[in-house]
Every structure is written in C-alpha cells, then in structure tokens.
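Make one complex out of these two single chains by using the hints.
Protein sequence lines, in the order shown, are assigned to chains C and S. Residue numbers for the first sequence follow numbering that gives the first Met the number 0, so the first one is 0 and each next one is one higher. Residue numbers for the second sequence follow numbering that gives the first Met the number 0, so the first one is 0 and each next one is one higher.
The hints are simulated quantities; they were obtained by calculation from the structure and are not laboratory data. Ideal placement from N, C-alpha and C gives every residue a C-beta, glycine not left out. Check the hints yourself; a few may be wrong.
As the list claims (entries may be wrong) - Where chain S lies over chain C, by a calculated footprint (3+ residues, C-beta under 8 Å):
| hint | segment |
| --- | --- |
| 1 | 57-68 |
| 2 | 231-243 |
| 3 | 323-334 |
What the hints assert, rightly or not - Only part of the chain S face toward chain C is listed, based on derived beta-carbon distances under 8 Å:
| hint | residue |
| --- | --- |
| 4 | A315 |
| 5 | N316 |
| 6 | P344 |
Said to hold, decoys possible - Mimicking EDC-like on lysine to aspartate or glutamate, the simulated pairs with C-alpha atoms at most 16 Å apart in a straight line are:
| hint | chain 1 | residue 1 | chain 2 | residue 2 |
| --- | --- | --- | --- | --- |
| 7 | C | K279 | S | E448 |
| 8 | C | K279 | C | E323 |
| 9 | C | K279 | S | D450 |
So the chains spell out like this:
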Amino acid sequence: MTRPGRVVIGTLGLDQHEVGAMAISRILMRHGYEVVYLGRFNTPERLTAVALQEDADIVGVSVHSWEYVAYTDELVRRCRESGFGLVFGGSVLTERDRDDLLARGADAAFGPYASETDMLGRIDAILRRVRAGAPAAEPSARTVTVKGGLAGRVVLVTGAARGLGRAYAHELCRQGVAVIANDVDEAALKETADACDPLPGSVLPVVADVTDQGAPRLLLDAALRRFGQIHGVVANAGLLRSGPLLKLPDDDLRLLLDVHVTAPFRLLRVLGAYWRGEAKAGRAVSAAAVLTTSAAGLYGFRAEAAYSAAKAAIAMLARVAADELGRYGTTVNAVAPMARTRLTEWLPGSPAADADPWAPEHVAPVVAWLLGPGARQVTGRVIEVGNGQVSAPEAWRPGAVHPLPPSMSPAEAEALLPTVLSGPPMPALLGPEPP
Amino acid sequence: MTSGAHDHTDEPRTAAGISLRAFYGPADAVGAYERIGDPGEYPFTRGRLRPPHGRPRGWIQRELSGEGSPRRSNAQFHALLAHGALGIDVIGDNPTMSALDPDHPMCEPAVGTTGVSLCRKQDFIELLDGVPLDRITLSHSLPPAFALAGQFLAARASGVPPELLRGSAIQPPLYAEDCSYSTFLPFDLRMRLTLDSIAFSLREMPRFHAFLEDTYYISDGGLDAVEEMSLGLLEIREVCRRLLARGLSIDAFAPRIAILVNCRMDLFEEIAKIRATRRLFARMMRDEFGAADPRSWSVNVAVHTSGLTLTAAQPANNIVRGAVQALAMAMAGVQGLEISTFDEPFRTPSPVAHQLAIRTQQIIQTETNVASVEDPLGGSWYLESLTDELEHRIDAAVRRMEDHGDVGTLVENGFFRSIFTAAMDRHSSAVQSGELRIVGVNEHVVPPEADRFLRDVAEERFEPDLAHVARIRAWRPTRAAAPLDAALERVRQAAADPGADLMDPIITALDLDATIGEITGCLREGQGLPADPVGYATSRNPVEVRR
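For reference, chain S alone in the conformation it holds in the complex (with noise of 0.2 Å):
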C-alpha cells in the first residue's frame, strides 16, 4: 500500500494524473460534434477514413525485428513475414545507433546484441535481401540520414524504383542525445541531417514518410502521455519550422510526416491521447502554418506499445499486456502496430515472441471485427472528456515550453535532459512505494522458485556477432582507396560549408563503399571535432583507410 497514506491518493487518477469521477454523462462531453467530427473529417478527431481496399482492413501489423549479422536480420525478417507481418520495423545494435563501425574496439561486445550491425551499403543490401521493398512498408528505428541513405542504395541494387519505396525514417534532432540514441554530433549537425534527409525523401521517396516523429522512445522511461504528446509536437513545429525557412511549403511535407507513439496500461488514457493529437495536429497544421491541403491535417499515427510495462517477474503476464494494449490501440484506429513482446524487459525479441506478437494482432483484426467501424469508442462521454482534457494539457505543455525560448538552446541547456530523469525517477518511486500497481511487481508476487514459466525465453543471451565484426575487419582494405577518400572529403567539406546539403555527399560515399563510422567521423572533424567521439581508438584512425 501507499506509504504516506493521503486522503488524495485514494481519489482515482488517470496515469497523467487527471481526476476521474466514478462515471461520466452528456454534461462531461462539452462542446458540439464538430469540435469532434466524422472519421476523415477536419479536425480528424476520430481518424482518418482507411481505404476500403486493398490491404486488409485495419492497420500494418509489424514488430521491431533486427539482430546480429545484416544476413541473420534478414531471415528474422523473412520470418516475420512468413507469419503475415505486413511491415518491418528495424533497429541498430548499439554501435549502429551511434553511427559507430563494429570494428571499433568498444563496440566488439556490443555487436548485433540488442539489434542489427549495419555500416556499410553491402550490410543493407543483404540486410533487404528478397523483401519486396515496393510492397510493404519499412520502419527505420536507425539514425535516419543513414536509413534512407541504405534504402536508397539497396532499392536500387535490386531494381525498385525509389519512388515506390514506402515506410518511415525516425527523426530524433531535439531528444535523441539524452534518450539512449546518442550518435556523438553537435545540435545543429544533427537537425541538418534531419532537414537534409527529408528534403532528400521528398524529392526522391515521395511516398516515404521521411519525418517519423517518435515519442515511443523518448516517453519509455516513464514520461507520463502529456509530457510524450508535448515534447513530440515541440519537435514537429521545430522541424517544420526549418523546413518552412528553406523554403519548403508547409503542403509539400506536412503530409509526410507520421507520428510513432507509445501505447502504456492506462488505456482509455492512451486511445484519449491519440485522438487528441490527432485533432492538435490538424489545428496546428491547418492554423499555425496555413496547411490547405487536406492531407497535411490528417496525421498517420502508428504505435509501439510499452516496453516499461512488461514487467520481469513472471513474464507470461506481458503476452496479456501487450493484447489488451494492441486492442485499445485497434479502436484508436491507428495505421501501424508493433507489440512489445513478452521478453522485452530482457532481450531483443525471440522468435517465438515475435510469433505471439503478431498472431495478437491478427486474432484481434480477424477475429474481433474491431477494424469494421471507424473510431468504434467516439461519443462515449468519458472518452471524449478524457480527449479534451488531454488536449488542453498537451497543447498548454507545448506553449509553456515554447515560452522558455529557443529550442536548439534548451536541447544545450539539458532542459529536457532533466525532464527524462524526473520522469523516470517518479516512475521508480511510484513503483516503490506501490502507488503504481503492477501485478507480479509490488501486488500478487511469486518468488523466483515460482517463476519460471517462459522464463528460458526471456533469459536467454545473444552473444556479440565477432564473426561479422571479422568480416568487415577483412573487407576493410579491400576496397578502393582513391575514389573513397575523394567521397569522404566531399562529406567532410559539406559539413564545414552550413549551407552544403548533407544527404548527396552521404549517400555518394555510402556507395564507394565508405562505412557509416567513417562517413560521422569526417562530419564530426568537418566541423573540428575529432573523428572519433569516444577517444576511445586514439591509435587507431577509424577514417584510415588501408591500402
């Protein structure tokens, strides 16, 4: 129970903290049904209207997938298809997520641990090997530039045509840093690369969703849905301020941008929260910036859900989580799914998780006749209530910080740094002191004799892939020097120049074969950093190339 024993914290509370009364009636949902609207409607409330044909009712079912080898990936992938995965969601192992080679000596104990060793345009050619790139849909949880840059390069090493290409490419400028996703590279690199791959997309993946806002990663350490939705469209209006001040209209990309959102246990708070910024995104983009198009109102939203609810005591629990939660989200009306598995709080997902998460989804599509009716919750007075509210948190939390000045100067100051901390402090005490109840954690605990069942799964280690870290040591000095060096002079020169686009020099270097390590280290020493972030190598010049 509750240490301190206030009269308030018997009051039940949504997880944001929104008093909730014991039942709601028409005087709860204010407001006429055009503050609402049809699904499809302005202000999208209620969601797009999902095409009739075509792919199966519903939404693109996917898990995140991506570990060891590109080749081993790769028939993670193939697998996940097989069992009727409509989409790929990958991501990098730890050095990848740093734009770091797996040859560099502190990233051997990492390599393909916790996601797929990608540096190198052979790694994404064999990585997409025989996945139709020009039917399904391809979620890059990797630092984007490079994301787009491989697919790109790939696509065209087997014959898709660019403009077919379809999928998303996280853009984390603002959070990234301070969110485990550090790749070591100054505020204003980053949101060039950001800037430059989606114009690069936009004029070369036109059907891509180049700006992939995703607030799954930034609000798992215990962000509550507030925070998440209000830190997540900070970054959208940053971003599209900047591509607004390079002259791009606001109707050429608002379309392409989607939202990746984390889905927690409170659940009518979470379908609330989708819907609130389904209706914030189509008023900020249709009032603030002057969207006409009705495209650029609507916004895609796709959902990862909690990994910080999977508990590791008695793991069988997180398959029941992740149903109820993909369920609330199918009501949502979202246009992407990805279950966190039952292994999560261990280990990258086993095969036999990734084939629970995705029968889930399909059980609950074919099976619950949940997809057949748009926005199947819209009207309930508490739903609605909940919306509004959110809506007002969320939007109040975005001008409150926007009044505390320029953006780049807060991600400097650490200003959301010690937002990231706070939350996941409160999360920690919350769980101690058990005002946070979790089932198997401070209520209806076994002792670890008791918990075995699925517990070989969840426990079981992926040893770092050396073979692969051997592979690219050998292929190293086999590649041409003279056309290598040229490229990365040409990266290096456009990093120092801030008005050179990033993304051609990127992707002319990736295809003479330089590694993703080498191509950041000439970012880095373009603006007189050195290459290498973590002083680690001072010996070893990972920009060296052998003759």
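Next up, chain C with everything else stripped away, as it sits in the complex (with noise of 0.2 Å):
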C-alpha cells in the first residue's frame, strides 16, 4: 500500500451522537488509518466534497437515529460518482437497516457489538476495491425490491476452491453473503476467499473432505461457530472419474458415488437435522439447499455410465427431500450446470473472458436465485443452465398406459411391448462421438 487508507467520518444531519464517531476513528487511526474526522451536521455534499479535497478513499457514517435514511440514496450516488468506498456503523442498525444499506449500495454496514477484527477486515476490503479503481457493486434492481435479498445470509459452498464453486462463493459474497467456503484443496481456496475479499460478503474457508463422514457435522458447527446461524448450503463438490463401464475399477465407481450422492445425501441429513431442531423450537430458517446434477444424469454421457447414475441420482434426491424437509422451511431444489471445469474440458469453445458462454459466472446467478427469498416456493425442481440458455428439464413421467395381460405368454409380450416403447425416443446421449 503506497500510503495509509483515508477515511472521512461524520454524522449526517442533526444525528448527535458524535463518541461513536470518535471512537470509530479511535480504531482506525490506530490501525494505520488516517482519519478526516468531520464530526457532526453533515450532509452527502459536505462528505464527499470534503473527501474530494483530502483524497480520501472511504467515507464512514456514524449512525445513532433515524436521518440517515433520508441522506443514505444521495450519498450512495456521490461516493459511486467519485469512487469513494462508504460504509455506514450503529449500533442502532437492525439486521433489516443493514440489508437496506447494502440494497442501497452502501460497502458495508454494521450494528451493534460488530466484532472489530471483522470491521476492520472488511474496510481493509474496500480500501484494495477502491485503491484498485474496481467499480462498487451495483445495488441491482432486483437485490432492492426482493425483501431483505440475500445480504447477512450464511450459505455453505462445497467444493468452492474452484470452478462452478468458486463462481458461486463470489456471487454470494457480491450479495452480501457471509459463505462457508470448503473444499479439499487448501491453497486453491485461498485463492477463491482472496477474490472474494473486496465484496461486501465475506469467507470462511473450511478445509475438510465431503466424503469424511463428520465433514457435514464439521461444516455446521464451523457456520454455527462463527456467525450462529445458518441457511443455505450449495453442494457442488464433485469429481470425474472417467472410464467405461467394463473398464472402471471398484476404487474409482466407490469414489465417484461417495462423492456425488453419499456426501450430498449426508450434507442434508445433517443441515435438515438442524433445521428441522430450529423450526421444532419456534426458530424456523427459511433454508434452502442447492444439489448439483448434470446434464449426464438427466441425460446421460457416453461412457460415463458411473457419473452419470450418479448424478441422475441427485436430481431423484433433490426431488424426495424436498417433499421431506419442506415441512420445516427447507427447500431443496438442483442446477444441471453447463461449464467448463475441471470436469468438463471437451466443452467446445475457448475460454475467452467475458464472452465465454460456458464460463461458470453464467450459473451463479441462478443458484443465489435458488438461495434467495425469491424462491421460497420452489422445490424439488431442476434448473439447467449454462451456454446461454436456462431451462427446466422434464423429468421421468408415466408413458402411455397398456394393459398388462394376466400371466403375459411370450408371444403377448413380443406383441404388446414394442408398442409400449413405441413413444418419443429418449434424448440421445452427450459427448463426444465413439471413435
């Protein structure tokens, strides 16, 4: 850092309560920050021009009543103009007030008994955002008019060091969300919580192997430890192991199917458990989980006989739980991604930045959907998504009705039969063409 972060700080309006502004600055002066302090009988104006003048990074709001709501959209939209971070602190601020902020627009919002590593963790964020010229999130039209959005929310993201996960954990934190990042793969990660850092979210990565039997336990209290609650979980993590059905080793099928169904199977035992106690004690979560399916369990892929019962597997799970664990509040729906990851090379096209069709930033969006209050009536569904394109998929519906014959002879069979069959054909299978 060339030089220390500047951060102008006032009170709006006639809000007195100047100590809590003063000892905001307190904090941060003695942690390296240098402070304009403007005490009270601020406006938008006058803190953003005088953050102009100092060449301040952030302006911080010191809130004790209610009169910055009436300042907060034009302030929103000077520091945006000028590329001020803004982050807003009271301990008068409800849980509500904070969404609202960073519906808003506002970096960061914090309410009463804000722990001061976290606060100072996340005006570090914003101070790299801003120093780095990024342009701050825009309060989208949606994350307004949907109540309370996803802000302040504890989701889960397994296998979230890279891929479809780490677009996800990104997507999340951009909405405000605080995301138990996991995975087996430590530095990865690291990398996934670093590019996640300048969002208003915030990731707590938890390294620990899905096919562990205590990893989902291990997660839960991970989320319940640091933030007391929990909401959503997005099982992603997944692996390939290719191989022919007449090739592919006990090992590999064993692994393939701990990881795709045992492991998500598992993550809902533990989490529905939990949110089943929470409704039982008058505490109902409105939870939501997010199983991963594919295109090859809906479909198939050639020679990947394993994946894909497997991944046919989760789209019946998501389907069954959903019956079982929406009687407590939870939802439990799947997204079929199409990406390219890891797991998916052959996809054709070339990784080309913004334009790629197959990049996994295309999928995040519905999966925070999936998380989020906009879709607290949707269960037990399957989206598909990816190349441009999002769809439900049909899945498994009775074909025209035959009556069976008493005792059907062979003959009765080779008779009736074919014609049983005789309905639209199956979708053909994807991938690559047999040599």
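Printed below as a string of structure tokens:
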C-alpha cells in the first residue's frame, strides 16, 4: 500500500451521537488509517466534497438516529460518482437496516457488537477495491425490491476452490452473503477467499473432505461457531472418474458415488436435522439447499455410466428430500450446470473472458436466486443453465398406459412391448461420438 | 474470554476498577459513625429523610417521554400519568435539543423521531395541556432557558401560579456540545443562559430545581462512576462560583441544585457512588462554599438507569436489567427514578415499554417494603468501604481537573471531549475483548432467528412528523410582525451586552410567537455569528418573518 487508507468520518443531519464517530476514528487510527474527522451536522454533499478535497478513499457514517435514511441514496450516488467506499456503523442499525443499506449500495454496514476484527477486515477490503479502481457492486433492482435479499445470510458452498464453486462463492459474496467455503484444496480455496475479499459478503474457508463421514457436522459447526446460524447449502463438490462400464474399477466407482451421492445425502441429513431442530424450537429458518446434478444425470454422458448414474441419483434426491424437508421450511433444488470446469474440459469454445458462454459465472446467479427469498416456493426442481440458456428439464413421466395381460405369454410380450416402447425417443446421449 | 490472559484481569474489581476482596469485615469500614451520620443529618451519606406524609413513601416515579408533535407527546404524558407516574421527564427531538426549528431544511428528517418537537409558545401549551402542573414535577431534558420560559408561559396560560411549579431543568454549560446536545452557542453564551435561567427560576419559580446537574447523559457513553461524578461536581462547582460572583448567596441557590445520575450494572458501586456524592456535596457546600442552611448541604439525587447497559440482543433481558437497577436505586434512597426501557437500544420508549417500566417501579415500591427504612444497606462493611474509596477517588479527580486551570479554557481546548471519547473507546474495547462480560452479547449469544421476542416492538420505526412541519410553516406568516421584530431585536441586543439578562428578552420573544430557532439565531447574531449555525440554508434566513 503506497500510503495509509484515508477515511472521512462524520454523522449525517442532526444526528448528534458523536462519541461513536470518535471511537471508530480512534480504532481506525490505531490500525494505521488516516482519519479526516468531520464531526456532526454533515450533508452528503459536505462528506463527499471533503473526501474529494482530502483525497480520501472511504466515507464513514456513524449512525445514532434514523435521519441517515433520508440521506442514504444521495450519499451512495455521490460516493459512486467519485469512487469512494461507503461504510455505515451504529448500534441502532438492525439486521434489516443493514440489509437495506447494502441493497441501496453501501459497501458495508455494521450494527451493535460488530467485531472489531471483522470491521477492520471489511474496511481493508473496501480500501483495496477502491485503490484498485474497481467499481462498487451495483445495487441491482432485484436486491432492492426483494425484501431482505441475500445480504446477511450464511451459506455453505462445497467444492468452492475453483470452477463453479468459486463462481458461486463470488456471486453470493457480491450479494452480501457470509460464505463458508469448503474444499480439500487449501491453496486454491485461499485464492477463492482472496478473490472474494473486496466484496460486501465474507468468506470463511474450511478445508475438509466431503466424503469424510464427519465433514457435514464439522462444516455446520464451523458455520454456527462463526456466524451463529446457517441458511443454505450448495452441494457442489464433484469429481470425474472416467471410464466405460467395462473398465471402471471398484475404487473409482465408490469414489464417484461417495462424492456425488453419499456426501450430499449426508449434508442434507445433518443440515436438515439442524433446521428441523430450529423449526421445532419455534425459530424456523428459511433454509435452502441446492444440489448439483448434470446433463449426465438427466440425459446421460457417453462412456460415463457411473458418473451419469450418480448425477441421476442427485436429481431424484432433490425431489424426495424437498418433500421431506419442506415441512421444516427448507427448499431443496438442483442445478444442472453447463459450464467449463475441470470436469468438462471437452466442451467446445475458447475460455475467452466475458464472452465465454460456458463460463461458470453464468450459472452463479441462478444458484443465488434459488437460495434467496424469491425462490421460497420453488422446491424439488431442477434447473439447467449455461451456454446462454436456462431451462427446467422435464423429469421422468409416466408413458402411455397399456393393460397388462394376466400371465402374459412370450408371444403376448412380443406383440405388446414394442408398442409400449413406441413413444417419443429418449434424448440422445451427450458427449463425443465414440471413435 | 479475555485475549491477553493477564493475571490481574482475573482479580475481581468494580466497574470503576476498585480492587475487591472476597469478603469485608469490621476492619474495612474505617472511621467513626459521624463520618456516615444518620439519614437527614450531615454529611448526608445516608440521604435525606423522606417526608413521612403526602406522596407515597419512596421516590418520584417517572419515565423519559416525548415523541412527535406536542399533542402526541401530551397524550403520552396522560397515558403515563394514568399508569400512575408521579412525574414527567420530557426530552426533545434532535432539532429541539439543538434549538433549531422543525421547518429548517436540515431538521425535517428528524422531527419528532427521538423526542418531542418544540419551537414556540403554543407547542408548550399543547404539550402541557391538562397536566396538573401544581401537583406533578416536570423534568426538562431540553435546552434549559427555553424549557423554563415555555413552562412559565404554559403555566400562566392555564392559570397556575409559577411559584407552585416543581421539577427541574438540566443545565449543561460545560459538556453538552461534546455529548450529543449541541446548541451551536459559544461557551460564554451557554454559561450566561445557565446563570440567567437559574436566577430567573429562583425569583419566579422558587420550588423548582433550576439547576439539575445531569451526569447521566455525559456518562452513558462509557464513563465510569468516578469520571461521571467528578465531572458532575466540577460543573456544579463552576456554576456555583459564577452564581456567587453575581452576588447571589450560596444558601439562596444551593437547595435548588439536584443531580440526575446514571445507574449501571455494578450495583453496589452505583449505590456507593450516590452515598459518596451526597457526602462530597455536603462537605463542599458547608466547608468550601460556606453554606449555613442545612437544606444547602443535602442534595436531591434522581437516577436514570443506564441505556448503555441495555443490549440490542435479546431485548427482553433489558427488563431484568432495569428491574435490578431500579431496586438498587430504591435502596440507595434516591428522590426520583427513571428506568431506561427495554427498547432503548433501538428507539424512544414504546407504550408497552413505558408501562412495564412504571410497573417495575411500582412493584418495587409497593410489594418489597424497600422504601420503609432509609438507607437499608448502611453499615454494610463492603458498602461503607466502597463509599469511602469512591469518595476519595472522585474528590481526587475533581482536584486534579481543577489543577489544570480555568474550566472554560478546558472546554474550548477539548479537554473534556477527549475524556468522553476515550471512555467510549475503552468501553467498546472491553466488550470486544470479553473483559466486560455482557449476557447475550459476548456470552450466551443466540442467532438472530432465535432472537425474535419483543423485537417487533423494539424495532418499530417512528416516521418524522412532517404534518407538524407543515403546521409550523403555515403558522409562521400568520404572526404579527412588528412586535415580533422588536422582541427579537431585544434578544440580539441582550446577547451583545455581556452584562444584560437574557431570560426576560427570551420569554418576551417566545410570548410574542418568536420561535426557539429565531431566538437562538438572534443570540448568535448578537455575538456577531451567523444566525443559521449549520449554514445549510443560506438562501433561507430562518430569522426572517414573512409578512
């Protein structure tokens, strides 16, 4: 850092609670920040004019009465115009107020008993973003209109070290979520955490192997210890053991089923039990689980029988678990992402920046939506997304019904079953044509 | 747990840092009984003897109130009185506390949200409509000169002779600018308003406590008991010296001094603080200021329980905190009590919180028998030892500050401001580190979803009263301009003349429908300052009277 971060601090309007502003100034100065202290009776115009004049990075508002509401939108607009970070803090800010401030475009909002470490970490991250010249996250119309949005929720993402998992963590963080990011790859997981650092949410990396029997409990405990709550899970961890049926060894088969079927099943069991417990204690959580199936599980991949079977199992797991957990307020859905990851390097096209229709980033907003308040009525569904399109694939449905003759003879079978099977053909298997 | 794990943090201490032993015995309560004295006797450690007849035995039960327009606040008063409140404490919204009018463009978002909006005589009349001013006490948490003027005019309008008025007005000349109640007036003008309004009250409202030293609002940012009382006594001493310098006798005004103190959670320390303060006050009045009238020696102490000790987490827990604090203060023998309501971390009190707080006081008073015996804890080895130690520390702190030199200069230099800031910083660090243990905050925390009980009440919002703003705007041009201009000119001239009395011109102007914002603007102009202190509306002169 070329020079210390510089923060303009004051209260808005006639909000007179100046000691709070002075106390946060002292904390920042103790940690190497320069503070331009404006005290009380400020307007958005004054705060930003001084920030410009003093070449500041961040505008900080101390709040003790509700007047700030009248000034917030103008202050956000001015801070964006000039590229300042914007932080609110005050003991009267409820969770709802903080969500609202983030939705309106503040970079951070701290309520009562905010941890000093967290506060400084977030302000450091905002400073890095401002210095890098990166634009602030746009307050999307969606976040504003959907009551509460995702900000402040706690979501576990498995397989978050790279690919889709990293894109999910990033998008959720951008929407203000506290993400418990899990993977076996510690180094890559750290890269995910670093990439999310400038965003409004936060990332708690937890290294664990989802195939360990104790992993779900460990991840739940990590969430509760750190955040006291958990609202969602994205069971994304996956791997590919390729091999045609005739060649796939037992170890690979077991690993595929462990990672893709057993691990999400156990996660749902442990988290579902926690959410049920909360609901029974009268504290029902609006919880959401998103599992990861695949076109392989819906249509089949050539020469990937085990992988395809495992993914098909997930689609049905989502459907049945949705029914079982729904009574406790938990939704369960699955996404079938079409994206270029380590598992799907054979996909066409070049991974060239934003234009790549196969980039994992295109899947992330769908996952975020499934976790949010807008999807509370959606459960037991599969959404296929990627390559510039999104759809809800049709599940197995009963075909045309024919009466079954009593004690059907071989001749009757010969006559009947081709007719039974004469409906529309199954979709073709996916994947490269065999040589 | 504490991060540093220093050995000394495990040693028990009071909140103000006094080391504690596992138990106390006769050897710890030093000195002869004369040092303590009977209740009603010098040095008043054990308080006044409460009147045996008249009011219910005990203390004046009241709750902080005021929200929205004067009419709405008046309804709140009547609700509280119907619940059995014996007094009223009214606080203004942010504009009123800053002596700005509600239709000032910077005030609109704040009108009525944290207290009542008051800017004109009619507001005081509406505020106090139907309130039996001759029977209940009215405490003003408002800019004192205007509060006295407003109550005086409202009493006159309702035919109550001013000599019957009882209550108190906070006099904050030293610290208000640093502690949330800035009026944008220079120190000498604030001090003149204090001295003039006290002198006015002594003349016109002799039963009124025109000098309420409020150590609550200065200390609830995190000051400890020693800091709180030493700053309070310092302000009392400064104002007394200046009243004496005007030729008033100490016995003319000392009986009209009262103190409104804080009560945090270290209950024995808070009780000892009050006992130590009474003794320090008595000794100061008799031995330093030469007061001869015993009424000058025994100070009236009221309490507002600490809002800072209340938590935004699990707000229902605050009901318990308020109750134990109130019980402690009943045992300390205070003359008046207000409980910070359970929703205090979020808002001004809701009706349900008001009722609960009054009921808490009533249960303590009527069901526990606690008020039947004065100073029931007197003679406790522990409490007497704490009282002695606090008395010593508070006294030493006052002397230390006075050794720094002229108090007015200390104000201007920000000496006190740094004390307030350091205290807040210290408090927040102690909560962060867990050194200050708070149930529901750094211990026994529950997730937000599990923390819903009473939260809807607590988090309910109060919209700015824009209808009242419109009312004031519409009323402004209907006033008779010529007498108003003349009255305001008199205020301007009085402010310019250091020897002039400010109260009479202020009351006259308020009576002729000048607003508080206009009068304060003229006070500033008299001293060569711009009328509008925040310089927000340069094109709109708030003193201008439209014809």
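Hint check:
| no. | hint | in the structure |
| --- | --- | --- |
| 1 | 57-68 | holds (count 5) |
| 2 | 231-243 | violated (count 0) |
| 3 | 323-334 | violated (count 0) |
| 4 | A315 | violated (15 Å) |
| 5 | N316 | violated (13 Å) |
| 6 | P344 | holds (6 Å) |
| 7 | C:K279 with S:E448 | holds (13 Å) |
| 8 | C:K279 with C:E323 | holds (15 Å) |
| 9 | C:K279 with S:D450 | holds (15 Å) |
Violation of the numbered hints given earlier is confined to hints 2, 3, 4, 5; the remaining hints are satisfied by the structure.
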